[in-house]
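Residue numbers (my numbering), protein chains in the order written: chain A, 1 to 493; chain B, 1 to 224.
Misleading hints may appear alongside valid ones.
[Claimed, not checked] Below, in silico cross-link-like pairs of lysine-lysine (DSBU-like), each with a Cα-Cα straight-line distance of 30 Å or less: (1) K140(A) <-> K176(B); (2) K83(A) <-> K4(B); (3) K157(A) <-> K95(B); (4) K143(A) <-> K95(B); (5) K135(A) <-> K223(B); (6) K140(A) <-> K3(B); (7) K143(A) <-> K4(B); (8) K95(B) <-> K83(A); (9) K213(B) <-> K38(A); (10) K3(B) <-> K83(A).
[As the list claims (entries may be wrong)] Negatives, chain A to chain B, calculated, CB over 10 Å: (11) E81; (12) N124; (13) V346; (14) D432.
Just so you know, these hints were derived from the structure itself, not from any lab. Here the structure is a predicted model, which is why all the values come from computation and not from measurement. Think of the CB as a built atom: it goes at the ideal place given N, C-alpha and C, for glycine as much as any other residue.
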Amino acid sequence: MERKKIKVPKKVKKKASVGEETFPFDISPMYEGERIRKGEMYVELGGPKQVGFELVVALPTEEVEDMKVTLVGNDLDELEEGKAHPYAMIYYVAGSQIDPDLEPVIERRNHDFQNFIEGYMHLNQRYDIWVRIGKNAIGKGLKSLTQIAKATMMLFKNEMPFIEKIEALYITEGKLVEKLLKEYAMPIYDERDARVESLHDEDVNEFYSCTLCQSFAPTNVCIISPDRPSLCGAISWFDGRAAARVDPEGPNRAVPKGELIDPIGGEYTGVNEFAVEESGGECERVKLHSFFEYPHTSCGCFEVIGFYMPEVDGIGWVHRGYPEPAPNGLTFSTMAGQTGGGKQIVGFLGIGVSYFRSKKFIQADGGWYRVTWMPKELKQRVERFIPEDIVDKIATEEDARTIDELKEFLEKVEHPVVTGVVRPVDNKRITDGWVKEKEVKEVKEGRAEPATQQVSPSSGVSISPTQGIRLVIKDANIYIDKIVLRKKKNEGE
Amino acid sequence: MSKKYRVLAVDADPDSNLADALGIEGYRTIGQIRELFQHGRDEMRTINKESWIEGKIYGEVVFEVDDFDLLVMGRPEGEGCYCFVNNMLRAVLRKLMRHYDIVIVDCEAGLEHFSRKTIPEADTIIVVTDASRKGFKTAVRIRELVTELGIKAGIYLIANRIGEGDEGTVAELAGKENFKLLDTLPYDEDVAKADLEGLPVPLNSKVAKRIEKLAEVLICEAKS
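If we strip away everything but chain A, and leave its shape as in the complex, we get (with noise of 0.2 Å):
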């Protein structure tokens, strides 16, 4: 969306100041998060009780005039004390690494400048905004916003070198306020949102880590991606983002990508890396976006947990709040319980909630394509991001309990785990769907390729509680090539 100055009505009310200018109060660091008490207070600006937003807009150079604010409206002096009033403050910004993209992060910022301000509380963002000015500043000698727009600006400039020019409206006449906030600002933030939903892994040049687990899972690393949010399901990439650029030595650092080496798995060099180098070399490789090769680790914050069924060839899914057991026999905290502590387990894998959402979503592994199972309350939180064709094949807790009745609710929808599935993501066919022991499986051309060879779907185990065989097994280390579990041929005949 192309971004353009403003035009400030002629017959409002208005002043303009250009240049800097020393401040009656002290701006520092030390005046975060102090917070202005009702009693304390001189005026409310926006809040819950007034319109108000902030907003950063890119624009070209020659467009904007260098620490020059504009007023419109009633200045500090002539707004009613001790009531909340209208406010918006927008900033345009220049410079020649400064487009679009940056805006959110600049305008973050106007949230910590402005804390630094002594008697100035700034809370909230967008249009959220509630801001609060005391009457210590006033005492101190703060007669004009344009005070505020001008140390905020300084600051801008000051901490941001790439902010090469900047200039500032603030308004604080009301209607004015609300005409821009739905005809100018809120647009700009669509954009910015539905920028996340198509912000993806090949858009970026760099992930985010998180190791805020490592006290629970001392050789888990999350890997933070547009397209993959963190296990624990609360950090997104931009998150990751935002927390780095504050503290870059912190549980969230950037993870540069590297070189790409399998674009479907997701995997990538500089996630190799780092996952070899804070794992202490525990896991070597990581595809973002596999279920079965070199899968993410999974902490134990996972909000999710994966589990392949060999019987059926396919994926369930269960989340933290479903007590009852899988069709696989176990309950979500059973498979936590052998998936958790920052490991690699193959045939098992922790998810946050959102990832749900992604447009890679196990794309290695066929994607939704792949899924056969979930608990109804969690197949409804996300049933909006599930393919139309795939969305009624998907078996809840009301279709199947056990792996036999999954098995027949699948047959009868004709899940494609049943023929074999076909990933969306390159068209290509990547299992063989089940042979029927009695009747000719139907050959396809698939099947003479050497390709469909390396499907193997003997990895995960899984043990069906209708047998009756309750196997645990602790701190064992066993390679096993491949076992086969049939029921007693004629049993209770």
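Place chain B on chain A using the hints.
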């Protein structure tokens, strides 16, 4: 006390009752905000989450009473991962707390807050006990833990609801365990009555007056 200083009262007992003792209603708790975040975060898109949490705490949790602010921690976390939200909460609360002259934290009668190092920067830790041996045992355990964790705070004992004639025994017990006994507060009819009626501790009660004096002493000590 709250007339002279900026005071933040923190109720860190999951079974929040400091607010009741102070006669305060209509607040939200940190626990409620934490749950709101856990449920709403998937829809937050590019919104800055730390700023969202800060806004909720400053706007909805910090409750302004005439002379001081109150913050109620509320219920502990439910199932799931709270690493991220707790990390942000810590950052926001650290920033908030440094703007008060006095922060008083009412903890539950247990060891949880010490072992989790929620309050590593305390100047003074006051252990309140009754005249029972159990109470004294807990006090001793708290002191052991505090020393073990290397928390450098002065530890004091206050004996509360002590029946007439028991003062000697209490002093003896405290002396035996080498505790600095700040005061022995008597059972106060007025306080008990107010509690039953759901009213705040009456400020003109004998006990309240003595506590006021104690507070002055403690502040002097913390400053020195």
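Original post:
Is V346(A) truly not at the interface, in the sense that its beta carbon sits beyond 10 Å from all beta carbons of chain B?
Top reply: 23 Å, holds
Original post:
Holds or violated: is the Cβ of D432(A) farther than 10 Å from all Cβ atoms of chain B?
Top reply: Given that every Cβ of chain B is farther than 10 Å from that of D432(A), nearest at about 36 Å, it holds.
**OP:** Would you mind confirming whether the straight-line C-alpha gap from K143(A) to K4(B) stays at or under 30 Å?
**Re:** Roughly 29 Å between the alpha carbons, so the hint for K143(A) and K4(B) holds.
Subject >> Hinted pair K143(A) and K95(B), Cα distance within 30 Å >> reply: 27 Å, holds
Original post:
Are the Cα positions of K83(A) and K4(B) separated by 30 Å at most?
Top reply: 26 Å, holds
**OP:** Report holds if the minimum CB distance from N124(A) to chain B is greater than 10 Å, and violated otherwise.
**Re:** 4 Å, violated
Original post:
Between K95(B) and K83(A), is the straight-line Cα distance small enough, at 30 Å or below?
Top reply: Answer holds: K95(B) to K83(A) is near 26 Å, not above 30 Å.
Original post:
Has the given pair, K157(A) with K95(B), been kept, meaning a C-alpha gap of at most 30 Å?
Top reply: 25 Å, holds
**OP:** For the pair supplied as a hint, K135(A) and K223(B), confirm whether the alpha-carbon distance does not exceed 30 Å.
**Re:** 28 Å, holds
Subject >> 30 Å Cα cutoff - pair K213(B), K38(A) >> reply: 29 Å, holds
Subject >> Reported absence of E81(A) from the contact zone with chain B (all CB gaps over 10 Å) >> reply: 18 Å, holds
Original post:
Within 30 Å, alpha carbon to alpha carbon, are K3(B) and K83(A)?
Top reply: 25 Å, holds
Against the hints set out earlier in the document, violations occur for numbers 1 and 12.
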